[in-house]
Amino acid sequence: MAYFLELLISGALTGLMYSLVALGFVLIYKSAGVPNLAQGALVMTAGYAVWLVMAWGLNVWIAIPIAAAIMFGFGLVVERLLLRRMVGQPVIMVVMLTLGLEILLRGMVPGILGSTPKPIDLGIDFAPIIIGDVFINRTSLYGGIVALALVGASLLFFRTRTGTKLRAVSDDHVSSWAVGISVERAIGISWGLAGIAAVVAGALWGSSQGVDWTLSALLFPAVAVVILGGVDSVPGVLVGGILVGVLGTVIPGYLDSVAGGSTRDVVTSLIILLTIMVRPFGIFGREDIERI
Amino acid sequence: MTFLRKLALTTALVAGLSAPVAAEDVKFGLLQDFTAVYTFVTGQYNQGQQDYLALVNAEGTLGDGNTVTAIVRDTGNQPQRGIEAYNRAKEEGAILFDFLSTPVSAAILDQAQADKNVVITPAHGRGDASDGTVFPYVFPMLPTYWAQAAALIEHMKETGGLEGKKIAIVHIDSPFGREPGPILEALSKQEGFEFQAFPYASPGNEQSAAWSEVRRYRPDYVLIWGAGGGQAVSVRTAIQNGIRPEQIHSVIWLAETDAANVGPQMKGVKRFEATASGTDHPIIQRIQEKVIDAGKGSGDQANVGNSYYNLGVATMAVAVEAARLGLEEGQPLTGETLKAGFEKIAGFDAEGLMPPVTYTAEDHQGGGAGRVSEWDGEKWVPVSEWKASYPELIRQVIEESAAKYAAEH
Chain A
0 MAYFLELLIS GALTGLMYSL VALGFVLIYK SAGVPNLAQG ALVMTAGYAV
50 WLVMAWGLNV WIAIPIAAAI MFGFGLVVER LLLRRMVGQP VIMVVMLTLG
100 LEILLRGMVP GILGSTPKPI DLGIDFAPII IGDVFINRTS LYGGIVALAL
150 VGASLLFFRT RTGTKLRAVS DDHVSSWAVG ISVERAIGIS WGLAGIAAVV
200 AGALWGSSQG VDWTLSALLF PAVAVVILGG VDSVPGVLVG GILVGVLGTV
250 IPGYLDSVAG GSTRDVVTSL IILLTIMVRP FGIFGREDIE RI
Chain B
0 MTFLRKLALT TALVAGLSAP VAAEDVKFGL LQDFTAVYTF VTGQYNQGQQ
50 DYLALVNAEG TLGDGNTVTA IVRDTGNQPQ RGIEAYNRAK EEGAILFDFL
100 STPVSAAILD QAQADKNVVI TPAHGRGDAS DGTVFPYVFP MLPTYWAQAA
150 ALIEHMKETG GLEGKKIAIV HIDSPFGREP GPILEALSKQ EGFEFQAFPY
200 ASPGNEQSAA WSEVRRYRPD YVLIWGAGGG QAVSVRTAIQ NGIRPEQIHS
250 VIWLAETDAA NVGPQMKGVK RFEATASGTD HPIIQRIQEK VIDAGKGSGD
300 QANVGNSYYN LGVATMAVAV EAARLGLEEG QPLTGETLKA GFEKIAGFDA
350 EGLMPPVTYT AEDHQGGGAG RVSEWDGEKW VPVSEWKASY PELIRQVIEE
400 SAAKYAAEH
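Residue numbers (numbering that gives the first Met the number 0), protein chains in the order written: chain A, 0 to 291; chain B, 0 to 408.
Hints should not be assumed to be uniformly reliable.
To be verified - Distance condition first, Cα-Cα at most 20 Å in a straight line; then the derived DMTMM-like pairs of lysine to aspartate or glutamate:
(1) B/Lys386 to B/Glu153
(2) B/Lys289 to B/Glu58
(3) B/Lys115 to B/Glu361
(4) B/Lys188 to B/Glu157
(5) B/Lys266 to A/Asp124
(6) B/Lys266 to A/Asp120
What the hints assert, rightly or not - These stretches of chain A come out as covered by chain B in the derived footprint (C-beta under 8 Å, 3 or more residues):
(7) 1 to 7
(8) 114 to 121
(9) 205 to 212
(10) 257 to 269
Derived from the structure by calculation, the hints contain no laboratory data. Being a predicted model, the structure only gives us computed values, none of them experimental. Note that CB positions come from ideal geometry on N, CA and C, so glycine has one too.
Put together the whole structure using the sequences plus the hints.
Below is the structure:
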């Protein structure tokens with residue numbers, strides 16, 4: 000029972016850390032209506048940004064807000080140089096563009112800043128929290144708390160004036176233009192916010208494994224999270240994250256040694272496939288019905 | 000034929016025979032993965048290789064004005080790109096190739112054998128390629144993963160005993176991660192220990208489920224078999240699950256960068272090493288003096304002497320020694336004469352940077368000697384002598400696997 004509980008808690012916390020990656024995806028989709036396949040590489044780039052600022056001799060807690068500002072600016076630049084040119088183009092081309100950006104960043108950033116894993120020390124104690132025979136990883140615990148806080152902040156943000164404009168832009172670009180909302184600015188802000196979310200994810204995941212290209216591999220579980228939770232739902236990020244984390248930890252915890260291989264990616268793939276087949280808009284996603 | 004024409008021909012023949020052989024520029028194709036999977040090692044490893052070749056040219060190691068040139072290209076760990084890079088480098092005259100990528104090496108192996116070009120596969124590629132009778136142009140050069148597993152098991156035996164003990168092998172879920180399986184299977188029967196494998200999904204960002212299970216298995220020793228960022232995650236998660244650092248033993252892919260990522264808790268963790276690390280070695284000191292200080296270094300000076308840098312240096316030291324011996328015959332250096340040069344190498348240790356290696360037509364691994372080192376908080380400190388562990392067993396596994404390959408091809 001203790002083993003099951005430990006897997007459950009560990010999975011939920013890991014899932015919340017996936018939510019940090021998925022949040023950027025949802026922020027962009029909810030605002031710009033664009034599925035951002037570059038979010039994994041954005042997290043990796045953000046991790047590199049934190050490490051780079053720390054390499055200037057700054058404390059990690061100063062480095063993180065500076066990196067957040069850098070990544071917000073990076074998001075604005077991506078919108079200005081890439082996304083704005085895609086206005087009026089088919090969505091599939093925008094998706095391909097973000098995929099191209101993912102591949103570009105994954106090759107270019109380690110190429111320039113070095114491909115060996117870079118350390119980020121957040122000062123989190125190694126010793127786990129022990130309750131009975133259940134060990135709880137402190138990095139995952141703090142990561143989970145930060146994910147909850149960030150998702151809460153995002154929910155509040157979408158209730159603000161700017162957030163409402165972003166939702167309007169997501170609904171209909173032309174109508175937004177018609178009522179005087181700057182669609183370009185709104186999309187730029189959404190990319191900037193995704194950049195900030197990426198910094199938090201990059202710092203936390205980077206502190207656990209070091210910063211290198213493998214951070215971009217977090218895109219896969221993040222995609223599962225947003226598909227399950229709903230691509231346009233901020234609360235869905237939390238629920239989807241917890242479910243993906245729990246299923247991806249508990250099932251392998253019992254099956255891996257029997258199967259003789261890791262089943263986590265199989266579980267994640269099945270979550271994606273079954274969700275699309277059974278409830279394509281996810282648990283909390285909005286179901287758009289179009290009259291043909 | 001007129002007298003004058005005879006005289007002219009004779010003069011030309013004599014001149015041709017007596018003229019010194021033109022100096023050769025030996026070309027090595029270092030066609031590696033700089034942008035995809037092996038990036039944790041390639042930069043430093045390739046830097047060591049290039050810096051060593053610069054030293055060779057500065058010191059005239061190959062003699063008679065012969066030089067060596069590295070053709071360096073990125074394959075992105077993609078076999079198709081590797082094949083394209085191989086063909087280009089071959090056209091440019093390369094006779095030795097190092098892909099530092101198991102899939103790329105595997106894709107080119109048959110072609111390189113047919114072309115009679117030497118492929119070195121240090122610390123990657125097929126372990127059974129150590130059998131030179133089946134793979135005449137492939138040189139694993141350093142201990143295979145099988146030899147590494149054997150060395151780590153033997154170290155456990157010598158330091159705490161194996162009878163009745165439990166070993167957990169926590170590995171990346173890939174053919175590389177499963178590589179030690181046959182050795183552990185054979186040794187568990189021979190030495191009376193039990194073991195259990197705990198796989199985790201690639202690339203290893205998250206391993207909590209595996210380590211929760213490992214903790215309940217209550218192992219006496221832990222083997223970690225991964226690479227890159229996943230290795231730091233393994234060590235961290237192991238310690239967070241109550242595994243003592245002293246219990247953790249790693250494959251060769253655990254280096255200074257991983258120690259920096261784990262932090263002070265890494266102290267006591269052990270790993271296999273095929274070459275010494277640090278700058279306190281004659282070759283490394285001469286590289287510092289004649290290459291780095293002369294402004295001819297190929298990368299960040301801070302990497303000089305670290306584990307993967309020195310590994311790169313050692314691979315090229317062996318390759319250049321093979322070229323030197325190949326050139327001794329006075330013939331132009333080709334893949335065939337280079338292979339012959341490799342098979343003349345006996346007791347070569349790169350001035351103490353590595354254990355003495357001897358290659359024969361049968362053994363392309365070089366004996367399979369290595370040692371175990373421990374992270375002391377600042378550097379890797381050797382805790383065993385250079386030696387080959389369970390060599391008969393390793394050779395048996397190599398020959399069985401090579402025979403299987405030969406039967407299928």
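> Are there three or more residues in the segment 257 to 269 of chain A whose C-beta lies within less than 8 Å of some C-beta in chain B?
Replying inline: holds (count 5)
> Are B/Lys266 and A/Asp124 close enough, with their CA atoms no more than 20 Å apart?
Replying inline: holds (16 Å)
> Has the segment 1 to 7 of chain A got at least three residues whose CB is nearer than 8 Å to a CB belonging to chain B?
Replying inline: holds (count 3)
> Does the alpha-carbon distance linking B/Lys266 and A/Asp120 stay inside the 20 Å limit?
Replying inline: Holds - the C-alpha atoms of A/Asp120 and B/Lys266 are around 17 Å apart, at most 20 Å.
> For the segment 205 to 212 of chain A, does the count of residues with a C-beta closer than 8 Å to a C-beta of chain B reach 3?
Replying inline: Holds, because 5 residues of the segment 205 to 212 of chain A bring their Cβ atoms closer than 8 Å to Cβ atoms of chain B.
> Holds or violated: B/Lys386 with B/Glu153, Cα cutoff 20 Å?
Replying inline: holds (10 Å)
> Quick check: the segment 114 to 121 of chain A, covered by chain B? Criterion 3+ residues, Cβ under 8 Å.
Replying inline: Three-residue rule met by the segment 114 to 121 of chain A, so holds; n is 6.
> Is it true that the CA of B/Lys289 sits at most 20 Å from the CA of B/Glu58?
Replying inline: At roughly 9 Å apart (the allowed maximum being 20 Å), B/Glu58 and B/Lys289 satisfy the hint.
> Are the Cα positions of B/Lys115 and B/Glu361 separated by 20 Å at most?
Replying inline: Judged against 20 Å, a Cα distance of about 17 Å means the pair holds.
> Straight-line Cα separation of B/Lys188 and B/Glu157 no greater than 20 Å?
Replying inline: Roughly 17 Å between the alpha carbons, so the hint for B/Lys188 and B/Glu157 holds.
In this structure, every one of the numbered hints holds.
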